[in-house]
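Q: Going line by line, the protein sequences match chains A and B. The opening position of the first sequence corresponds to residue 403 in this note's numbering, with each subsequent residue numbered one higher. The opening position of the second sequence corresponds to residue 438 in this note's numbering, with each subsequent residue numbered one higher.
Worth double-checking, as some hints may not be accurate.
Unchecked claim - If the Cβ cut is set under 8 Å, some of the chain A residues that face chain B in the computed set are:
no., residue
1, F491
2, V501
3, G586
4, V589
Simulated from the structure, these hints should not be mistaken for lab results. Since we're looking at a predicted model, the values are computed, not measured. Beta carbons are placed, not taken as given, at the ideal position from N, Cα and C, and that holds for glycine.
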Amino acid sequence: MENFFGLEYFIDVHKRVYYIYIISSLVLGMLYLSVNQKEKRVNLSSKLWLHQSARLDYSYFFISNLIKILLIFPIVLSSKTIALSTIMFLTDTFGYTRVNLSYEVILVLFTSILFIISDFTRYFLHRLLHTVPLLWRFHKVHHSAKVLNPLTFYRVHPVENLLFGFRYVLSMGIVSGVFIYLFGSKVDIYDVVGVNIFVFVFSILGSNLRHSHIKLSYPKVLETVLISPYMHQIHHSTKFFNKNFGGTLAIWDYMFNTHKFSKQVKTVKFGLKKEQMGDYDSIIKLLVTPFRMSKIENQ
Amino acid sequence: MMIMKKIVLSALLLVSSLLAEEKVMKSILDDVLLHNVHTASLHAKILFDDLQTKKELSVLKNDFKNLVVSWKKVETFYLAAEFNEDSIDTPRYIDVFHNLKENLSVQIQRVIDSKDNLDIEMYKHSFKTINALEYALYTDGFDDRRYELSKIIVRNIINRLDEINEVYVSDNKKFLSDFKWTNDVIINMLIDSSFKLRDWRVGDIAGYSRKSKGNADNKKAEYFISANSTTAIQSILDTHKQIMDSPTYDFGDMLIENGLKKEVQLIRNEINNSIENLKYLKNEDFENKEVKILYVSLDKLHRSYYSSLVNALEINTKILDADGD
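Here chain A stands alone, though its shape is the one from the complex (with noise of 0.2 Å):
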């Protein structure tokens, strides 16, 4: 039944809003603002909180998990299929094999490379959303908020979260796939409570603050290796939507030039041009606009 409201989110591992992580930023925000007691005010004010996009999202938050339960899940291919796939394709193109490593080395290359490419794919992704014209349609539903807090996050198309879905199944499966072809049974992930040490930690470490107005940024050198809350704001001002694509990794917006440092950027605006945001005021109208060919806009 807690699926239906979308409560599970909160106690499942895997979800962006899992209780610990929230707790986390929450200790990180509160650190955060107790060296910048300036921007106290606006962070915590009701205005904020409770502001028409804000709460936007929260009832968007309830909607698009039914949508994901009844229209998306069922379709999207289990990445096993795709495991499976993989392993087939390469044993029938290159015959059958098994190279012989230690556990430990095969648990240390699945986990960080499955965690490398995954984030490269999403960066990818991420970028086609943004310069491929069909697709920017129905991303700029998750950019015409005009507040961020953390359930922006699920403020995003269910087309979007198709192609996510099919990323990440594809990714996995390949990946799996592979790992499985070449060492058989002796492939595992090293996870914390179920979840690649990676994106547990970078989950624990502000992953909410990145749809916040905490401005909490990293050390130059950092911030070339990891995206930083702040460098996602970046992402998601009126100026720099074009800036910023990675989900944890800084490494591939450095590599393909679409970095942008925090210390480059001082004030950010959030949300689409001004004309265009009442196109997304509603539940209906962030579900329907995509479609809507007359309403397309390239910003």
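Chain A is already provided as a structure; the job is to place chain B on it using the hints.
A: The following block gives chain B in isolation, referenced to the frame of chain A:
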């Protein structure tokens, strides 16, 4: 109180699951690994005794067939290399199918034709294998020299089987204690064997494998000379059945208890289907189109092993939230 109950229940489940694993591994060691190597050794000794007493060729051929059956069981589920790395090459000293580039028949014929001492002539490992024995027994002119040559080969096979037995007896500690590792080597071995069965022993000969697509050739069959290839395939499938679908609690049952009921049922079905479909391999004729039915079921068996492995890995099928942004 409720929490206490849960803890006790979980502990009991864990203990019973460990006991079940221990029971299965002990059973695999005793009833499969050691049993099969003892049977092969026994068959080799019978053949040796019959060679020693110069029994007629038909008796020797029957002994050879029994040896093929029992040796295939040892080879199919050969874990000695996992028990002890030094044993990695032992099967190649008994059987060179798919492991020799030279033409063994020509070389063995040369040894037979030679007048030199056999102890000197039989200097190559490949000359002392079951494949060389097949040639000696099943080609024309079984004379005294072939008797002697066969004895050298069978003596080698007996010694190698003894070595395998010794490894199973002496180096089994890890197998009976590190169950994760044991599970892994068993599944890997079954996948390995199912691939070789599908491609090496049927697909390559019938022309269905990637390597030999369209080029069927009965001469490539494992025991083409003695016409024991079907027997060998049957024996390999029986070994899979021994591990996955035996009348007693087996490895398959253990996997079912670990949540892989659907996958194990599929594997069992495919083993039984493949055994059933052996009827399409009539008179060792792999070129017969009906062999495709057997090949397809062996392919399904191979896939079903991988499928159980993929499912056992619990690859997360959920659409991770770490998406969108």
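Q: Sort out which numbered hints this structure fails and list those numbers smallest first.
A: Checked against the structure, the hints that fail are numbers 1 and 2, while the rest are satisfied.
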